[in-house]
Every structure is written in C-alpha cells, then in structure tokens.
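Peer 1: Sequence:
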Amino acid sequence: MLRWTARRSAARRKGYSFAVPAEVLPRRLIHLGSAKSVLTPLGQQVRVAGTMEFDLDADRFRQHRVEAIVAAARPYLPAADWDRREQEWVGPRPMTPDGLPLIGALPGHPGVLLATGHNMLGLMLAPATGRLVADLATRPDPPARAALFAPSRAARRVRATAR
Numbered sequence: 001m002l003r004w005t006a007r008r009s010a011a012r013r014k015g016y017s018f019a020v021p022a023e024v025l026p027r028r029l030i031h032l033g034s035a036k037s038v039l040t041p042l043g044q045q046v047r048v049a050g051t052m053e054f055d056l057d058a059d060r061f062r063q064h065r066v067e068a069i070v071a072a073a074r075p076y077l078p079a080a081d082w083d084r085r086e087q088e089w090v091g092p093r094p095m096t097p098d099g100l101p102l103i104g105a106l107p108g109h110p111g112v113l114l115a116t117g118h119n120m121l122g123l124m125l126a127p128a129t130g131r132l133v134a135d136l137a138t139r140p141d142p143p144a145r146a147a148l149f150a151p152s153r154a155a156r157r158v159r160a161t162a163r
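Using the numbering used here, read the sequence shown as starting at 1 and increasing by one per residue.
Hints were generated in silico from the structure; no laboratory data involved.
Since this is a predicted model, take the numbers as computed values, not measurements.
All C-beta atoms, glycine included, are put in the ideal place defined by N, C-alpha and C.
The reader is advised that the hints may include incorrect statements.
Distance windows between CB atoms, simulated [to be verified]: (1) Arg74 x Val112: 37 to 47 Å; (2) Gly43 x Arg74: 34 to 44 Å; (3) Pro110 x Ser34: 35 to 45 Å.
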C-alpha cells in the first residue's frame, strides 16, 4: 500500500453538504457566488454544498452551518423542499497553497495518478478533472495543460512512502 502525505497548516478546512428533493431541478451545476454555495442536480434531488470552516476537529458537525447554507440558497431554488434535507454531512476540503489542484503522477510513482486539492471547486471542476485524468491514463503524451496541475510543483511538500 502507498501512503501519501503532505505538510498542512494546523487548521483543517471543511465544508458542508446535503441533498434536498425538488420538483424543478437545475439542468446543470450552479455556483451561487453570493450565497457561497453550489447546487448540483442528482436524480430527483439537488446536492447543496457550501461553507469554508477552519476547525482542528475535522469530524465536528455544526447544524447551524447547514441552516446558514439553507438560508442563503433557498431564494435560488424555491421549488426545493428545504425541510426534507437528507445526507447532511461535513467533509474535508483539500487545499493547495497556490489554489490549483494537484492532478497527475505522484512524484516518484508514475503509475499513481492524483486528483486532489480542488479547494472549494471540487464538484465544479470534476468533469474537467476527469477528462484530464483520462488523458493522463490513456495518452502516451500528456496534454500541455497537464503541466499546470502537476503534483511535482509541490514536490517539497509532498511525500509518498510504501507501507
């Protein structure tokens, strides 16, 4: 097994997410800049994600954070049943010092591809990240844009060890 570690600042960054049923769904992901939230259609529900919380306890769940996201996002999706929220959770937000994700081969392990560190844009960047990872996994010559996201740019902070 390969273990990947990176130096991190003391504060953990995390965000909140939940699903709500909606009669009218957005056709695509919507970033609500003023509400600091993202709406993603998934089946007959909308996945709502938002917030950036700094907390040393990565597992602590604060219900008032979910309520704040609901209050901010509710005006943008009035057809949602905001009182029937499901799958409320809090999770880590992998961050990078330069704000760009790490996408590409793990330094020293060319057969291991990373796709992490999307900051608060993971769901928004997922399609583009998936395309780039597919290109890196299947094409003999990586696309030029891959160099922008290469994990080797953070090589001083990234270390892989065999376990």
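Peer 1: Range first: 34 to 44 Å. Now tell me if the beta carbons of Gly43 and Arg74 are that far apart.
Peer 2: The hint (34 to 44 Å, Cβ to Cβ) is violated, given that Gly43 and Arg74 are roughly 20 Å apart.
Peer 1: Pro110 and Ser34, beta-carbon distance inside 35 to 45 Å?
Peer 2: 43 Å, holds
Peer 1: May I ask you to test the hint 37 to 47 Å on the CB atoms belonging to Arg74 and Val112?
Peer 2: The hint (37 to 47 Å, Cβ to Cβ) holds, given that Arg74 and Val112 are roughly 42 Å apart.
Of the numbered hints given earlier, the model fails hint 2 alone.
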